[in-house]
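Engineer: Starting from the two chains in their separate frames, assemble the complex, guided by the hints.
Protein chains in written order, with the UniProt record's numbering: chain A, 1 to 178; chain B, 1 to 136.
Simulated from the structure, these hints should not be mistaken for laboratory data.
Just so you know, nobody snuck in bad clues.
With the C-beta cut set under 10 angstroms, the calculated list includes, among others, these residues of chain A facing chain B: (1) Phe-86; (2) Asp-107; (3) Leu-131; (4) Lys-146; (5) Leu-156.
The calculated lysine-lysine pairs, modelled on BS3-like cross-linking and capped at a C-alpha distance of 30 angstroms, are: (6) Lys-72(B) <-> Lys-123(A); (7) Lys-83(A) <-> Lys-113(A); (8) Lys-67(A) <-> Lys-72(B).
Over 10 angstroms on every C-beta distance to chain B, these chain A residues come out as not near it, computed from the model: (9) Ser-12; (10) Cys-18; (11) Phe-33; (12) Val-44; (13) Ser-71; (14) Thr-75; (15) Ala-96; (16) Ile-118; (17) Pro-140.
Just so you know, even glycine gets a beta-carbon here, dropped at the ideal spot from N, CA and C.
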Amino acid sequence: MHSIYARANGISGLWSTCVMVLLGAVALSSFLFNAESKGSLDIVSLKVFHSKTRRYPFRNEEIGFVKFNLSADLTPLFNWNTKQLFVYLEAEYTNAQGVNNTVVIWDRIVRRKDDATIDIIQKEKYKLRDLSGSFSNVLPAQYSLKYSVMPYVGVLTYGEAARTMKAIDFPDARDSVS
Amino acid sequence: PRFYRGDLLFLTNPPGQRYHTGDITVYRIPGAEIPIVHRVLETRDVFIPFDYGEPHPKLKLPPGEHQLMLTKGDNNHVDDIDLYRGLEWLDRRHIIGKVRGFLPYIGYVTIAMNDFPQLKYALLRGLGLLAVIQRE
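Isolated chain B, as found in the complex (with noise of 0.2 angstroms):
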């Protein structure tokens, strides 16, 4: 959703907070390295009553309330399903958090020591060599 590379995003994620579609989550599926930023295109609210001996056979879910959601990217034609690994829905715990806000470009000073290693071992020493020569 209009997110670059660089934005630095808030998180929110109390433990009870339901979430609606619409909503911009983080979620990273077990197994994949990196965190997904994309929207909630369905939410469906499954309560797996106790009575099952073992997890429910169609879902494939423990006992309990679960929240069950598919995401999509803004600018992508198709849902993420692809990119969960075989899961069919994510789940409450595949969450980070939810966007609630925005400052975009703060994070390049941290990309840019990353992607110039050289960067940062000339601000190293840089640093190094100030504390040498400070008087105080």
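Here chain A stands alone, though its shape is the one from the complex (with noise of 0.2 angstroms):
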């Protein structure tokens, strides 16, 4: 260590080794936080419309329109090391020729501890609809609230937190306000 250039490198050296140290630690100290949320989500009402999407002009196609009960609180999944949270709605179902979907109906991004806990009835903010273009041949739906927890540095980790207690059926489609 007789030179600059030599002590540059050592100091710099270390430094980096320091920082990937620390980073390291703050990734796995996200292990230790093993929180599990809870909540609960019914359905209040499930709608299937004859309708047409803006994009798709000329496809007459179902669309459901569903408005949910969901109540949950998701605070213990804050800690030092979480940038933000991404809940999301989804309805899972097969139809009748085996295709399994699930399509994210809500979805919202949760930033601090405090706007953590949901409770809320409302509709759905991405459309329903099924790749046949009709619910008439849909098995019964379920629907769940799942979580994903985004680190500022880590591993993204995914987890449930409300699912309704049963499948629910789609009802025959209407035609809308006639």
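Structural biologist: Okay, here's the thing in structure tokens:
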């Protein structure tokens, strides 16, 4: 260590090693927090209408409109390494041809612990439609609330916070305001 | 999803892996230059039976199992259809990988080098000079 170059080399090597160990420790600390959160999810109403989407104005499709009652407490998931929480409500169903579908109908980004309790009755954000264009051959659907924890540094984790108790059948399609 | 320019993402892409809604995927549309990092909004597992002589007329897919996906950026209001250049669904082969882990700000060194080529040349010149001056 008798030249500036050697000293600078040594210091920068030590500094980068320290930073990497620190980031690794922060990432590993996420595994210490094995928090889970529970909530409850009910479907208030589910209606299916013959509709056209703005994107495909020439297709006659059946679109499902869901109103749901959701309450969940997600505060246990916030720790010092949590940057934000992405919460999404999804519908899972299988249609008669055996196609498994999972469709996200509502989502929310939660950035602070104060915003982490959800207690809402709301309608869906995204359209619920089937590949075949109709819900008449579709088996009953389960709805579940899932979350994804995004850390500052480290591994993304996923989990499920709530689920409907039983599968809910799709009603027959109606024509909208006529 | 709150990834900024300069973050390092760790991706996995094992061959048989099913993708789920909520996964953050990196995909590239053929013909597009840059890959896009967005979250999966819908997945539909279709199986095209081998009975059909030609690809399924409605879905335009070869026979076999396919996992069709629709993605959306978290801060966008609509899904990514406009980015798909004519495709209606993403298929497994468009996906480069799924984001598993994340290191912020590490990429800035490379970005600084690319945005300021003078920096790259200055560093190269400095290193060349050091190599010449060094005794050992």
